[in-house]
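> Full structure from sequences and hints, please.
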Amino acid sequence: MKNKLSHFAIPYVIWMALFVVVPIIMVVLYAFSAAGGGFTLANFARMGTYAVVFLRSFKLALIATAVCLLIGYPVSYMMSKEGPQFQRLAMVLIMLPMWMNFLLRTYSWMSILENNGLLNQLFQKIGLIALYNQVFGTDLQYFRLINTQGAVVLGMVYNYLPFMILPIYSVIIKLDRSLIEAARDLGANTFNVFRRVILPLSLPGVLSGITMVFVPSVSTFAISKMLGGGTEMMLGDLIEQQFLGGAYNPQLGAAISLVMMVIVVVCMWVMNRFGEGEEQAVMM
Amino acid sequence: MKKKNNSLLNRLFMALVFVFLYAPIVLLIVFSFNAGNSNTVWKGFSLDWYAKLLHNRLIMQSVYTTLLVSLLATVIATVAGTFAAIGFYAMRRKLRDPLMTINNIPMMNADIVTGVSLCLFFVAFFGLWGDFASWFNGMQHLVRLPTRLTMGFGTLLIAHICFNIPYVILSVGPKLRQMDKNLVDAAMDLGCTWMQAFRKVILPEIKPGIVSGALTAFTMSIDDFVISYFTAGSSASTLAMTIYGMTKKRVTPEINAISTLLFVTVLVLLAIVNIREARQERRRSAELHRV
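First to last, the sequence lines map onto chains A and B. Residue 58 in our numbering sits at position 58 of the first sequence, with consecutive numbering throughout. Residue 192 in our numbering sits at position 192 of the second sequence, with consecutive numbering throughout.
If you're looking for bench data, these hints aren't it; they were derived computationally from the structure. Even glycine gets a Cβ: it sits at the ideal position worked out from N, Cα and C. You may find that some hints are simply not true.
Unchecked claim - Okay, derived cross-link-like pairs now, PhoX-like style, lysine-lysine, Cα gap no bigger than 20 Å in a straight line:
no., chain 1, residue 1, chain 2, residue 2
1, B, Lys181, B, Lys207
2, B, Lys175, B, Lys207
3, A, Lys81, A, Lys174
4, A, Lys4, B, Lys94
5, B, Lys200, B, Lys175
6, B, Lys200, A, Lys4
7, B, Lys249, B, Lys52
8, A, Lys4, B, Lys181
9, A, Lys125, B, Lys43
10, A, Lys174, B, Lys175
11, B, Lys181, B, Lys200
Said to hold, decoys possible - Pair ranges (Cβ atoms, derived):
no., chain 1, residue 1, chain 2, residue 2, range
12, B, Leu270, A, Asn133, 43 to 53 Å
13, B, Arg276, A, Ala247, 47 to 57 Å
14, A, Val265, B, Val41, 42 to 52 Å
15, A, Gln87, B, Lys181, 27 to 37 Å
16, A, Phe194, B, Ile275, 34 to 44 Å
17, B, Glu205, A, Gln149, 45 to 55 Å
18, A, Asn192, B, Thr193, 51 to 61 Å
19, A, Ala247, B, Thr193, 56 to 66 Å
Below is the structure:
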């Protein structure tokens, strides 16, 4: 019986071979070949010239991930302490923005952060800009918000925060309540219960949250282009340029993609080392 | 007293996070009713942009493409993913684990890498196909195969199915594992064919997983930009791609109007689903109490 059911997977296995495995093999092949064909390592050597882009991408993605964790963990923890009805509503509210394409939301941030955008209008109204000018002796008409690295980080945090909250929340909510009660009975105060019991047990969720925020952040290209104004080029922009942009060089693009894949594999390997159950966490 | 204070602070923090999440969306909605064509200066209420939206071929066409590709991909991925999940479930562990790893690749990989790899694949495939088709056409004159294929709606759809199926499998899989294994065997012992066992025993058990998988798949399709961007070619354009093209020049406020319409649609759908679920739950608990 069971064997017969396993035949159900055959079409999908063929599909995966064709549309998952073969494309990845193609990336590897391209990464190691020269423009005219033949094996070469030159693509990887050329990446050295883009070290600035690599460093910037890692820096911004790490900052965004840290901020997401600092906001996401408390939110998940507080949510888990509320009543079931509140939790359900909060979950819907966190998922809901994702139904609006992330480009639409990022576009909206553009008009908030513009030089004469809503935030600068607000600062002007409450006299913050005047105050700043007085204190620092400057002559600013507005604060420079858009086209900065800060704006790019903001865009990442805004777009990927739900990916941090969902896995952490789903781990915390499944924690064995009796462990917390036991710790309390044994004399631990709230802080110690959190530090000694809840935090270590929620680590799988934290790790999967970190991966789910870091990977898209380090590889983003639309956000950096829209909020960074093209001046803050990131790894994603670099890859995009090699395929669809002016600097057409698919071999180099494939090599950078391969590096990105290695990053993902390392992230997954770290995640897998920290115990079972993260599969559910990823799924929320 | 102290405890009360603490929870008030917690709620304030959460409220701030929700304000952060919804401020840009509220902004889009408010300015979709703006009489002026700016997203920063309010010039009075009007419905102009909604009227103009209906005549904007570019936007309407891309909305249509987005919805069509998302719906088709969701339906196909849900069916295929459910069958695949059942197949994986029935496999021996040794076979299943490596296959599940491959299955997780499109989900864990950076979107841009998935997009790029599919793009390379399609281009290479079309090249091979071109050679084959011209050889085939030269061999005989009965059937003429097209020699030049390009990326378009078809490749876009394949890409969406590709990244949707893993989400369906991941939400159906746990439901299968929770199911009592003996149920299927019992059904078969009682004379069900395996098709009947599938329809009458397995399907009802895993239905919640299928529904949530389909919902996740649809969300991912609607939200996707990067993979579409690399696989749609120049003939098909989703809403996200259209907006991205506009941000290089000028974004027309019709975008605000279409965003609002889409958001309200989702809101209404979710409200209906949630109210129905709540009602069912209440009925179920009422029945339990009666018993």
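> Take the hints in turn and mark each one as holding or not.
Okay, the hints, checked on the actual structure:
no.: 1; hint: B:Lys181 <-> B:Lys207; verdict: 16 Å, holds
no.: 2; hint: B:Lys175 <-> B:Lys207; verdict: 9 Å, holds
no.: 3; hint: A:Lys81 <-> A:Lys174; verdict: 12 Å, holds
no.: 4; hint: A:Lys4 <-> B:Lys94; verdict: 17 Å, holds
no.: 5; hint: B:Lys200 <-> B:Lys175; verdict: 16 Å, holds
no.: 6; hint: B:Lys200 <-> A:Lys4; verdict: 17 Å, holds
no.: 7; hint: B:Lys249 <-> B:Lys52; verdict: 19 Å, holds
no.: 8; hint: A:Lys4 <-> B:Lys181; verdict: 15 Å, holds
no.: 9; hint: A:Lys125 <-> B:Lys43; verdict: 18 Å, holds
no.: 10; hint: A:Lys174 <-> B:Lys175; verdict: 17 Å, holds
no.: 11; hint: B:Lys181 <-> B:Lys200; verdict: 14 Å, holds
no.: 12; hint: B:Leu270 <-> A:Asn133: 43 to 53 Å; verdict: 46 Å, holds
no.: 13; hint: B:Arg276 <-> A:Ala247: 47 to 57 Å; verdict: 52 Å, holds
no.: 14; hint: A:Val265 <-> B:Val41: 42 to 52 Å; verdict: 49 Å, holds
no.: 15; hint: A:Gln87 <-> B:Lys181: 27 to 37 Å; verdict: 32 Å, holds
no.: 16; hint: A:Phe194 <-> B:Ile275: 34 to 44 Å; verdict: 36 Å, holds
no.: 17; hint: B:Glu205 <-> A:Gln149: 45 to 55 Å; verdict: 50 Å, holds
no.: 18; hint: A:Asn192 <-> B:Thr193: 51 to 61 Å; verdict: 59 Å, holds
no.: 19; hint: A:Ala247 <-> B:Thr193: 56 to 66 Å; verdict: 59 Å, holds
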